[in-house]
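Q: Given next are the chains, with one letter for each unit.
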Amino acid sequence: MDFLVYLEQSQFSIWVRESGSLFAFPGILLLHTYGMAVLVGIVLAIDLRILGFAPGLPLAPIGKFLPLLWVAFWINAATGTILLIADATTKMTNPDFFIKMGFIFLAVIVQRKIQSGVFRAPQIGAGALPPNAKILAVVSMTCWLGAITAGRLLAYVGPVSGLNLK
Amino acid sequence: MVELLSNSSHLHVLLNHVPTIGFGLALAMFLVALARNNDGLKRTGLALFFVVATVAIATYVTGNGAESVIKGRPDVSQTAIRAHEDAALLAFTFMEVTGFFAWLALWQWRRVPRLAGWNVPVVLILAVASFLLMAKAATLGGEITHAEIRSAAEAIELGHQAFDRDARYYDLDPQKLLEGDALEPLLPDFKVQKAQDLFEAIGYGKVATRRVLARLVPGQAFREKLASDAAAVEPSGTARAIGLFVSGQTWVWPTCETLHFVGLCMLFTVVLIVDLRMLGMIKSVSFEAVYQLLPIGMLGFGINLVTGMLFFIGVPGQYVHNGTFFFKIVFVLLGGLNVLYFTLDDEPWAVKAGQDAPLTAKIAAASAIFVWVAVLFCGHMLPFIGNAF
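Those sequence lines, one after another, are chains A and B. Using the working numbering, the letters of the first sequence correspond one by one to residues 13 to 178. Using the working numbering, the letters of the second sequence correspond one by one to residues 3 to 391.
Same shape as in the complex, but just chain B:
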């Protein structure tokens, strides 16, 4: 089950519509709410911005996993992947900032009984920009074909196309190369029975056409040319440039790690004081009073999202097929929902000084402690249980 769920490729296909459709929906809702001056709808729109921004974290990080599964397939263009990745990173950044301001608007709303004046235009402009950028990222993503879900017949067809294209690239005649049973002696090396199976393997990206050509065409010179083409640098992009900066400069990684630690302490400030109040530790204080601490935790979360994403972009390979990282992201999403409960729900707000919190608030508080302890556990265990570093 975990194996299946943590297959980033499936997950990315499952999650990649959420940011675009979700933000579109939230934006429409927010605009209607502003036009009609409907406070309830405004609040729902803001909450939806926050939820979609949270899910977008999972959408982004599953993207690299999907990439590692499909790259190398003859029908998948590296340039298309890089273009999608860069567009997605920009859209993701805008979306997270929008989500943060949407949450801040909801937080302020409790303290001042109306939406703060500056917040509406800020959230609106950011949301429109995020939606447009995300729509562009989604379009570019659609241009990367879904090789992993195609049928065997399609794969064979694509395998033939890729073989013909690559043969012509080297000024070879594909018909002539395959004359007679030229492929027959090679089949056992590629662990297939029939020539058709070999083309299917090429179509699924399991076998590179380069390897087949190297076996079909005699001569050392041709083999060396193929090898130098294979070693050629992949098309670059903004995300890759950031990644190289993070993993290449000696001071960046330790700095980010230190900030990640500071961020987690800020988050724990809130987890401890707000949630332990709900569980009955400092009953003399009302929820309204401890609620003022929430932005410290959100700021800590923000620091950790930025530094965490830098780690991820720096060395995606150590996270994408790491089950511990998968669980960490799941717990982060649950943590996001938990914050929303304490921001939106009226029930904790009714808890005055000296009063006991209702059962649902206690359950939410206990689950918040569990969720963030689990996030920290998964993060710490990335190199020990998972395969990072």
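Excised from the complex, chain A in its bound form:
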């Protein structure tokens, strides 16, 4: 707890929370939102395609979007860390925050499995999918939607700080 207080009271955290600059809290949260749009946007396209939507669209070329997906992921990891540090004592004591992290952890594992099992499988060029692909797609979508829901609810459930603007 002392460490959380130390983080929260650092010059940087205070700037993020209290400077009122558009580049502080509003800007960092904006980047987090853009990151989410790109990350979950590409994930949804891949998952829905695996589930049989847009059958005319070949899956293999969509693999070119994977680096973009990971760039968005790391932007959100970085901005998420800043938002966590600035509000450490409230976030780290909120069970909902750990639910969000749990969903993201699972989603990342599933994403890696989709990449190795679907995109790097030799049959992808022929348009064929491994048998577990659809299950992975459903789990992936569920986890990301769960992460978004838990993330949004951070402003409403458990200890809520003044930082969370509804």
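By construction, these hints were calculated from the structure, which means they are not laboratory data. Some hints could be false.
What the hints assert, rightly or not - List of simulated lysine-lysine pairs, DSSO-like, C-alpha gap at most 30 Å:
| # | chain 1 | residue 1 | chain 2 | residue 2 |
| --- | --- | --- | --- | --- |
| 1 | A | Lys76 | B | Lys73 |
| 2 | B | Lys285 | A | Lys125 |
| 3 | B | Lys227 | B | Lys73 |
| 4 | B | Lys73 | A | Lys146 |
| 5 | B | Lys354 | A | Lys146 |
| 6 | A | Lys76 | B | Lys196 |
| 7 | A | Lys76 | B | Lys354 |
Put chain B on the given structure of chain A with help from the hints.
A: For chain B alone, kept in the frame of chain A given last:
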């Protein structure tokens, strides 16, 4: 310029004929096209349904701004405003559903080279219902007088009428109240020079007759009666009931916010893959193939329109005089036009696997990315740059 344009009152007067006239025109066009079996005209009618449904978003949201400007004026009836708002909300809902199905018909048309059988009656029935409901909303809207554009002479006349009416409501004789120079000592309090200016202010709705009466009539009992009348509940309506549900139930707002986020991710799916293909990212795929993703984006847009409208109806006050919200709506309308380009125009359709897109398609794709990034920016900044929450 932005100040002037974002004055919802002016904008509402400017935009309020578009849904009725536009839908009437589109409906006439669609009927003629069906009678003559003219495919080009059918397509134009469907596109017009979609465009008018998009503009109707702006018409609806400027309505609350117009209301906040004129309400409280003695000649404007709260009941008339509520009746117009409820009729407009119902008509708006039908219009958006019609617009969605019209777009779906256009989308399917590309894949199957004729209009899908079930789509014609669905669009037709919805369009007729929307047009009739919108005509009713427009008539009810016309019954709310345009107080904001009347002349000073009219305002003075209305001010007198309102004063007389309200005095009689409290069993007072307006002639007797104004005998001699009874108003003279009150004028500085209302920051006017002459009695005539005070009536003008009443006519424009800047001064409530209640306040003038309170000063003219002595006695605590009368003052308390006026105060309790002022606090009386405004006439209710469907839109207000929905608004209270959204802002009153603790779970509704967070649920809508979460869905709004999911909707924006669905929209971005299309923005990223379709538009980046046009810009050359996955050239091995034809436009025809990425085009199949469009309904995901439209569904996401639909989710966000519904949840967004619920936010707006829930707490209109934080959006109507918010410049950031004004820009968000402008960008949403541009986004609507952009979707229409990719649905209707033959040019992107000619882009086969391995081919580079023509310059116009590239410009349209780049502008789509810009527009939706801007929509997201404005939405995010509503509480930070704008004055929401």
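Q: Would you mind marking each hint as holding or not holding in the structure?
A: Verification of the hints:
1. A:Lys76 / B:Lys73: The hint is violated at about 56 Å.
2. B:Lys285 / A:Lys125: Measuring from Cα to Cα gives roughly 26 Å; hence the hint holds.
3. B:Lys227 / B:Lys73: Holds, at roughly 22 Å.
4. B:Lys73 / A:Lys146: Distance of about 56 Å is beyond 30 Å: violated.
5. B:Lys354 / A:Lys146: Distance of about 29 Å is within 30 Å: holds.
6. A:Lys76 / B:Lys196: 75 Å, violated
7. A:Lys76 / B:Lys354: Holds, at about 18 Å.
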